[in-house]
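J.: Here the protein sequences line up with chains A and B, keeping their order.
Using our numbering, the first residue of the first sequence is number 259, and each one after it goes up by one.
Using our numbering, the first residue of the second sequence is number -8, and each one after it goes up by one.
Read the hints as simulated data drawn from the structure, not as lab findings.
Hints may be right or wrong, so weigh each one.
Chain A stretches covered by chain B per the calculated footprint, using a threshold of three residues with CB under 8 Å from any CB of chain B [claimed, not checked]: (1) 330 to 343; (2) 352 to 360; (3) 426 to 440; (4) 598 to 607.
Beyond 10 Å from chain A on every Cβ pair, some chain B residues (computed) [claimed, not checked]: (5) Arg11; (6) Ser38; (7) Ile45; (8) Gly46; (9) Leu74; (10) Asp113; (11) Thr179; (12) Phe199; (13) Ala229.
Distance windows between CB atoms, simulated [as the list claims (entries may be wrong)]: (14) B:Asp61 to A:Ala388: 53 to 61 Å; (15) B:Glu218 to A:Ala307: 34 to 42 Å; (16) A:Gln611 to B:Tyr103: 23 to 31 Å; (17) A:Leu444 to B:Gly137: 51 to 59 Å; (18) B:Leu130 to A:Ser629: 39 to 47 Å.
Note that the Cβ used here is the ideal one computed from N, Cα and C, for glycine as well.
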Amino acid sequence: MTMPTPDPQTSSYAVSPGAAPGVVCLALCGAWTQTSAMPSARALLDATARPGVTTLAFTTQELGVWDSMLPLLVTELTALGAARHLTIDLAGLPSGVQTLVALATPTAPAAKPAPATPDSLVQQLGRETATLAGWCAEMVCFFGATTVALARWLRGSACVRANDVILQIRECGANALPIVSLVSVLVGVIFAFVGILQLRQFGVEIYVADLVAVIMIRVMGAVMVGIVLAGRTGSAFAAQLGTMQVNEEIDSLRVLGIPPMEFLVVPRVVAWAVMMPLLCLYADFLGVCGGMVVGVNALHLNIIEYLQRTQAAVSVADVLVGLVHSAVFGVLIAMAGCLCGMRCRRSAEAVGQAATSAVVMSIVSIIAATSLITAVCNVLGI
Amino acid sequence: MTTGATCIQVSDLTMAYGTRVIMRDLNFAVRRGEVFIIMGGSGCGKSTLLRHMIGLVPPAHGHVVVNGVDMWCGPEAERERQLRRCGVLFQSGGLWSSMTLGENVALPLQQYTTLSARAIADVVAFKLALMGLTGCEQLYPSELSGGMQKRAGLARALALDPDLLFCDEPSAGLDPVSARNLDDLIVTLSRSLGTTVVVVTHDLASIFAIGTTAIYLDNQTHTIIAEGNPAVLRDTCAQAAVRLFLQGGRAHGDTH
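My request is simple: use the sequences and hints to build the entire structure.
T.: This is the structure:
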């Protein structure tokens, strides 16, 4: 057998008739690795195709380095050769290649998965609707389970640690004060500036005190606190519970007979229902202060005058409506965070999705609840 | 199994977290083709030593030289090129949970080879078939048992046909039969492909089944107190602690 001197860095081969009739011999030379531009199995079979040949054998005296690409090629040769009634004789290959080929050849043929047919539009629509319906049912179930757990807690029979409640109160209350302060002062300032521009057209700039006070105390204080805290703490709840789900911590609560709804969800919901109205009052106060800073500086109003107008404009009902808003938001945000965390799947990506959907769900439910409460107040004339 | 030239040289290595020294004055060499065992009691720093050898943690003092390249004194590019020739099987598999098994094994190939997408798919299918995971490309890690996750982790570690394979506690969390099968798989693959294997373990069955050379990290003296073939160490080591460890904690010295 004669051939040109092989380059040790590339794959090359030579075909010669074998010792026995019906056998063709493939001599492998040089490197057969991921980087050596190996020929494909089909090309090799075509090159060795001879009339009357039934067996393909190998010689490897001049084979240099090889990696797992060589056994992969031999596996493919075996599969393709079977279709052409060609037997592949592995005896001439290095023992390592033979071992790997044997290891990679499954003893039983793997069950072929059914070919995936693309769904029709109607099927997709149906599936999406069913998913949506399931999701709504899940929300209702979660709401029910939370209510039951809260009722058990009020009766004193729930498994809730007082420490957890206090920890959550600190987390969503005291620790949130700086960001709530900043946002509510700025919102008050913005309302005052915009209000002055409009009211000046009628020469009644003094009413800017009424405008800021009513809008902050009745709605915007609660809404701003809700949105800020949904991003700050609602997402943290979802990520925390989601990670607990991934680490099987929630499972270990369940097997100990501790209902996660009571142990994890109740402290959060209670803490939020308590702290949101307090934060809302704080935000109302700072929002009015922000408006006053603008009123005093831009309109040269007297501080006392501004406060008197504010007092005259705001009724107890306004304050109560604001507090109802904020308590509802608190419960909604806490439940959205917990729901998204509890239904998280077991992967890093799912935890991220849980945090994102907690924020989206909180903000959507805040807006929806605001519309509903405002409409009800309108009808009742509050 | 014949052993060849030195491929990892650890010299005067001191490992520390802040001021707390874990191990000091570690000196050993791993030779090509060996199955090198790092053993020792729980919490003695076996896994930390492995993390030093694969360049995840810088040494407090000393050098780790892999295939002639100092992992911490040379240029960054050289270190990364070297790491590409190392495969690592992490204790819990370390599979990326948001990718399928196929994507997990394909990522190193896409990153570091010029193979076509079709060729990569073939290689991925072959590597998974070697591990007995034929047809599992579309499954996510969370859908697998612990043993399957380990084997999938091994498939990913071997995706680039590394010269060096590091395994952190390969048999931890597996039943004895699965553990033995995984050990056999590691040895078969490494012998067939000529890979050098470094295994961190305290599983005696693995140590005797696959280890050709072992070092023992001692909790008390914070350094290596024995090096050699595990079976020989068990019978003849001068250090009582090593004999006790290798005899499975039974205190009598001469029987096993």
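J.: With reference to the structure, classify each hint as holding or not holding.
T.: Hints versus structure:
1. Counting residues of the region 330 to 343 of chain A whose CB lies closer than 8 Å to any CB of chain B gives 3, which reaches the minimum of 3, so the coverage claim holds.
2. Look at the region 352 to 360 of chain A against chain B: 5 of its residues bring a Cβ nearer than 8 Å to a Cβ of that chain, three or more, so the hint holds.
3. Counting residues of the region 426 to 440 of chain A whose CB lies closer than 8 Å to any CB of chain B gives 0, which falls below the minimum of 3, so the coverage claim is violated.
4. With a threshold of 8 Å between beta carbons, the proposed coverage of the region 598 to 607 of chain A by chain B holds, since 5 of its residues qualify and at least three are required.
5. For B:Arg11, the condition that its CB be more than 10 Å from all CB atoms of chain A holds, with the nearest at approximately 27 Å.
6. Residue-level check passed: B:Ser38 sits 19 Å from the nearest beta carbon of chain A, beyond 10 Å.
7. Every CB of chain A lies more than 10 Å from the CB of B:Ile45, the least distance being 21 Å, so the non-interface label holds.
8. The beta carbon of B:Gly46 is kept farther than 10 Å from every beta carbon of chain A, the shortest such distance being approximately 23 Å.
9. No beta-carbon of chain A comes within 10 Å of the beta-carbon of B:Leu74; the shortest separation is about 17 Å.
10. With a minimum CB-CB distance of about 6 Å to chain A, B:Asp113 fails to clear the 10 Å threshold, and the non-interface call is violated.
11. The Cβ of B:Thr179 sits about 6 Å from the closest Cβ of chain A, inside the 10 Å cut-off, so the non-interface label is violated.
12. Once the 10 Å rule is applied to beta carbons, B:Phe199 is consistent with being away from chain A; the minimum gap is 22 Å.
13. Distance check for B:Ala229 against chain A: the nearest CB is about 38 Å away, which clears 10 Å, and the non-interface claim stands.
14. Restraint check, B:Asp61 to A:Ala388: a C-beta distance of roughly 60 Å satisfies the suggested window 53 to 61 Å.
15. In this structure the hint that B:Glu218 and A:Ala307 lie 34 to 42 Å apart at CB is violated, the actual value being about 56 Å.
16. The beta-carbon spacing between A:Gln611 and B:Tyr103, approximately 30 Å, falls within the hinted interval of 23 to 31 Å.
17. Separation of A:Leu444 from B:Gly137 is about 53 Å and conforms to the stated range, judged on CB atoms against 51 to 59 Å.
18. About 45 Å separates the C-beta atoms of B:Leu130 and A:Ser629, a value consistent with the hinted range of 39 to 47 Å.
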